[in-house]
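Number of protein chains: 2
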Amino acid sequence: MSERVCISLDAMGGDHGPSTVVPGAAIALERHPGTRFIMFGDEAVVGPLIEAEPRLKGAVELRHTTYAIAMDDKPSQAVRQGRGKSSMWRAIQAVRDGEADAAVSAGNTGALMAMSKICLKTMAGIERPAIACLWPTVRGESVVLDVGATIGTDAEHLVEMAVMGSAMARIVFDLERPTVGLLNVGTEEMKGNEAVKEAARLLREHDAANFSYHGFVEGTDLGRGTVDVVVTEGFTGNIALKTAEGTAKQISSYLRSAMTRTLSAKIGALFARQAFRALKDKMNPSRANGGVFLGLEGIVIKSHGSENAAGFASAVDLAHDMARHDLMRTIRDMLDETPTTMARV
Amino acid sequence: MSERVCISLDAMGGDHGPSTVVPGAAIALERHPGTRFIMFGDEAVVGPLIEAEPRLKGAVELRHTTYAIAMDDKPSQAVRQGRGKSSMWRAIQAVRDGEADAAVSAGNTGALMAMSKICLKTMAGIERPAIACLWPTVRGESVVLDVGATIGTDAEHLVEMAVMGSAMARIVFDLERPTVGLLNVGTEEMKGNEAVKEAARLLREHDAANFSYHGFVEGTDLGRGTVDVVVTEGFTGNIALKTAEGTAKQISSYLRSAMTRTLSAKIGALFARQAFRALKDKMNPSRANGGVFLGLEGIVIKSHGSENAAGFASAVDLAHDMARHDLMRTIRDMLDETPTTMARV
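Those protein sequences? They're chains A and B, same order as listed. The first sequence begins at 303 in my numbering and counts up by one. The second sequence begins at 303 in my numbering and counts up by one.
Be aware that a few hints might be false.
Pairs count within a copy or across copies, as identical chains cannot be separated in the list.
Simulated crosslink set (DSS-like; lysine-lysine; CA at most 27 Å straight-line) [unchecked claim]:
#1 K551 with K584
#2 K568 with K584
#3 K423 with K387
#4 K423 with K493
#5 K387 with K376
#6 K423 with K551
#7 K376 with K493
#8 K376 with K499
#9 K568 with K551
#10 K582 with K551
#11 K551 with K493
#12 K359 with K551
#13 K568 with K582
#14 K423 with K376
If you are wondering where the hints come from, they were derived from the structure by calculation, not from laboratory data.
Generate coordinates for the entire structure from the input sequences, incorporating the hints supplied.
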């Protein structure tokens with residue numbers, strides 16, 4: 303890693319493309335002065351946007367690309383048509399070639415993962431990559447994975463995710479020995495499917511040096527922040543994440559309508575407007591935006607496709623954090639320390 | 303079904319046992335005058351509680367039982383030790399014997415399902431029962447199943463659940479042709495595991511007369527109320543339900559702390575106290591309490607173990623609704639109307 307963190311950006315990715323990516327980079331740069339960006343995208347569109355951001359002056363190198371992956375392209379199609387030339391591929395390639403320390407894209411998740419696997423390769427000792435996110439809790443934040451990289455799992459994959467998620471938690475939360483829980487339908491030993499039961503046995507029997515296995519956790523434990531790292535299969539993890547997002551939106555809408563129904567409520571809302579602003583900020587999904595791809599030979603961050611510039615900036619922050627603290631080496635070290643009895647045969 | 307709905311109650315079930323069941327029954331009776339209850343439990347404990355509830359006078363028949371299933375008993379153990387004699391078994395048996403139209407228990411879910419399957423048997427044409435709940439949405443409520451009866455699924459089971467969930471939605475929402483969605487990690491055809499993809503194909507190709515297949519829905523659609531019935535596998539459904547509960551609690555705690563942090567916020571909260579009360583009521587999980595066991599030869603409702611009397615009353619309301627509208631016959635009719643091409647071979 304170079305002295306100054308360099309982040310490659312897929313300027314064409316996401317619902318809003320460069321109109322969010324460019325100002326998002328500018329916001330992140332204010333928080334991390336000295337960061338360099340390599341942006342990949344259509345010069346004619348991205349160039350003027352960069353020009354319009356004086357904050358980015360001298361920090362961005364724009365590289366022209368002619369092809370952009372669509373949000374609804376199938377991963378296989380995206381790889382076939384976008385390999386080597388798309389803004390997404392080129393951003394990942396910059397990480398592979400050592401030009402950038404991390405890549406950020408708000409594009410199509412499936413395409414980004416497929417390209418990352420092909421371009422960067424999976425880490426030695428890891429069967430399948432996972433996507434981890436930071437989940438806001440009443441105690442702060444937890445690392446939750448997998449939120450949608452792969453469908454279906456086995457015990458060994460869950461154990462791998464425990465190790466990778468702990469590496470991320472060590473960096474983000476600055477913890478020596480994060481606590482890890484397996485998401486299940488109950489906390490009793492007999493509960494759950496074969497994969498979680500077997501993973502629990504492996505984690506219990508081979509007490510890892512670099513994280514502490516807490517046991518099973520339930521859906522209610524996510525918001526509670528019972529553990530630092532919550533491990534689950536990608537189908538369930540994705541649905542849990544989107545269910546929480548949906549519930550937060552639902553309650554916001556209840557709150558809004560309750561606060562405008564009567565004059566007295568409106569007066570109350572006026573007095574409490576700062577409190578509501580703080581609450582809104584706390585519930586703002588942009589603050590926790592960014593899915594970290596774990597298990598690849600390089601750092602790739604997925605920003606939510608519909609996020610605004612502030613949300614994209616959070617994903618860039620995350621990329622910066624992961625690069626500065628050398629996520630790759632932390633994962634490798636933790637894998638090395640993992641008893642071979644726990645690893646895949 | 304008799305003219306007057308009769309509901310059997312496991313008076314010993316739940317974290318608080320008869321001290322919630324008895325007043326809960328009294329609350330429900332006020333909303334459904336004429337309902338009769340058969341309560342099973344320890345006479346020495348339950349008797350005085352019934353005496354203390356003048357509202358229940360003449361509506362309750364108490365039958366003495368000496369054995370109660372513990373909340374942490376394994377289902378197999380509960381069946382072995384509690385068969386024939388426990389308050390839980392006897393409540394279910396009253397349904398089997400035609401004495402009651404529905405049974406309600408706040409006891410151990412696994413034990414209640416195991417006993418229900420043995421005592422009542424699974425319906426012809428149904429492979430595995432499911433647990434359905436009413437999910438509060440911004441548009442009202444949706445039926446969501448399975449929230450934890452079985453772990454793992456296949457396409458045919460998902461289709462069966464679509465039929466059973468629609469039967470329940472027809473009754474609860476008074477809809478001729480409810481809309482049904484399959485919970486998935488995305489709405490595109492290629493998304494998800496084999497079971498949901500195959501179930502989607504079956505549901506799409508064999509357009510059912512008694513419900514309308516909407517397509518895939520995501521976690522965010524749950525709170526939005528995109529469809530009347532959301533079908534998913536029990537592991538994921540249980541985690542989604544508990545994640546939503548946890549998120550609601552988390553936001554309540556944010557709101558409480560935001561509203562007490564400054565004097566201005568406190569004044570605002572005072573003006574808005576009625577609005578907050580309405581919000582609290584809206585977010586109150588007790589209102590939607592009650593898991594309906596679908597696919598058995600009889601109606602069994604599971605009340606949340608930690609609910610208070612008001613919550614238990616909601617579960618009794620649900621039992622009353624299901625019995626009065628003859629859930630069993632509705633499911634049977636809908637199964638009969640289901641094309642055989644969709645049914646299990």
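Quiz item: Which earlier hints can't be squared with this structure?
Solution: Violated hints: 6, 12; rest satisfied.
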